[in-house]
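Given next are the chains, with one letter for each unit.
There are 2 protein chains.
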Amino acid sequence: MQYCFGVDLGGTTVKLACFTADGTLIRKWEIPTVVTDGGSHILPDIAASLKDYCRSAGLTEVLGIGIGVPGPVTGQGIVNRCVNLGWGVLDIPKELGALTGLPVAAGNDADVAALGEYWKGGGQGSDSMVLVTLGTGVGGGIIHGGQIIHGAHGASGEIGHMVLNRHETERCGCGKYGCVEQYCSATGIVRMAKKMGFAENLTCKDIFDKAAAGSAKAQAVLEQVYAYLGEFIANVCCVFDPEMVVIGGGVSKAGQPLLDGIQRYFSQYIFHAAADIRFSLAQLGNDAGVYGACKLALSRFSEK
Amino acid sequence: MQYCFGVDLGGTTVKLACFTADGTLIRKWEIPTVVTDGGSHILPDIAASLKDYCRSAGLTEVLGIGIGVPGPVTGQGIVNRCVNLGWGVLDIPKELGALTGLPVAAGNDADVAALGEYWKGGGQGSDSMVLVTLGTGVGGGIIHGGQIIHGAHGASGEIGHMVLNRHETERCGCGKYGCVEQYCSATGIVRMAKKMGFAENLTCKDIFDKAAAGSAKAQAVLEQVYAYLGEFIANVCCVFDPEMVVIGGGVSKAGQPLLDGIQRYFSQYIFHAAADIRFSLAQLGNDAGVYGACKLALSRFSEK
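Residue numbers (the working numbering), protein chains in the order written: chain A, 1 to 304; chain B, 305 to 608.
Just chain A, same shape as in the assembly:
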């Protein structure tokens, strides 16, 4: 039997998973992300954990490792600055390959999650897909003909940093002003709610709950969020026109009302030729990363 590893590297934990070559998840575990010493322990820790697992499970035939990383990654797997990890420029396939003796494929975490949703989640059956991840930030991934579009500088799918409001005076985490992320992420939604008169200690879920319970004030906040989401996703689809848009991330737990709200404004803003783009919710939750990482490795290193 042949196996493949999927690794989802986050700022606090690393998710690791072992799959069979046909894509069945057989084991999943986590290790902490040690960000001290410029992040120099991260890849050795991952390598040690994978080797331990191979030994204890008696795996001999491993096709390779796929890994998703929180930063821009080129098609060759070169990462260019992961602020959260302390990394500068790093050749992940080379480094992790040397530590494990296995072939390694690397991608940006949001891109890799998109590939996971395309393979086994909300984008199944489509040929091209955009994943919009509404979490603490806003991320995205572009799948074209079953492949991630990484971008020349690893920045394709960085849709959270499109400019939505050129008049914004507060600064985004990226250093610019008026990014999508400042309005449509969980933190962005809370920020907007406060501006519209809500109290300090509110969570994003509270706002959705209040709206569902009939609060006109909360509904007004969400209406603004839906308008922004529908508009910016329509703009994304004028650049790359996919078969499907999949909405993921913590905010997507709001479910159908969120999807309905987005689509209402999307129809208003989308170019007519692309009006048939289908929407769905992400299905893999926190596992999208390990699935997509495994698929990235399988499509590079498996025979078929």
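No wet-lab data here; the hints were simulated from the structure.
Treat the hints with care, since some could be wrong.
Covered by chain A, according to a simulated footprint, are these stretches of chain B (three or more residues, beta-carbon under 8 Å) [to be verified]:
id, stretch
1, 338-351
2, 413-424
3, 460-471
4, 478-492
Ideal Cβ positions, reconstructed from N, Cα and C, are used throughout, including at glycine.
Since chain A is already given, all that's left is putting chain B on it; use the hints.
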């Protein structure tokens, strides 16, 4: 010797060109586009003209025909409504193939022009490219790994219909409000100039000329245009991060000052990872379409 045809189908004329298989243009001519009878004469006219040329030039070995069409075209060459031509849904490779007995590849005209600039113009030497066409309207084409990204509904690269101003009250030709095209096309620039106090009968070139001659009022118009262009192109590049952005269309005759103006605002709006994207001017002018159409056919039908 093997040959290949490139056809650029416009609303008033059809440009046709014959190339050798290594991409040398050997003959170029035009015929009128006859849009009566629901556009049903267009493909027969093209077929007859190409067959005439083959006969008179004594060509026997023709690899195929590439054609660019003014409307959304899928990767399979199916066009979905060309308003200017009177066409509904049409399978161009099938129809034109039956009329000529040659293999046919079709694409959207802006996408095909992008492929031309990538192959023999401003995008030479890059692996991925976005063409931004600033003409009567604003069009675009996305080249990834040397291939056009057509989009699931033929709408990839329809960047002229991204929303730039959600508060716009005048309607765009597409039926929406606030599209890029309403501000950054030649007609859009004139529209803005009038709003900023210029007289009625001004052309886009007049505005660039006046700005070059020191008119502060004209410079203010262009500053606004550059700001919009820099912002929307940065947004495009957050979706699809190319090695190069090539600026074409009639407005691009303004040359280096235009490029400098765009890049000044692009740097301000672009996500840091993609800040190294290079800019250049298109080089093929009105020939971009026939070059790109030829390349589209060559990459489908030639051996190598």
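Here's how the hints hold up against the structure:
With a cut-off of 8 Å between beta carbons, the stretch 338-351 of chain B has 0 residues touching chain A; three or more are needed, and the interface restraint is violated. With 0 residues carrying a beta carbon less than 8 Å from a beta carbon of chain A, the stretch 413-424 of chain B misses the three-residue requirement, and the given coverage is violated. For the stretch 460-471 of chain B, the proposed coverage by chain A is satisfied: 8 residues have a C-beta within less than 8 Å of a C-beta in that chain, meeting the threshold of three. Under a criterion of three residues with beta carbons nearer than 8 Å to beta carbons of chain A, the stated coverage of the stretch 478-492 of chain B is upheld, 3 such residues being counted.
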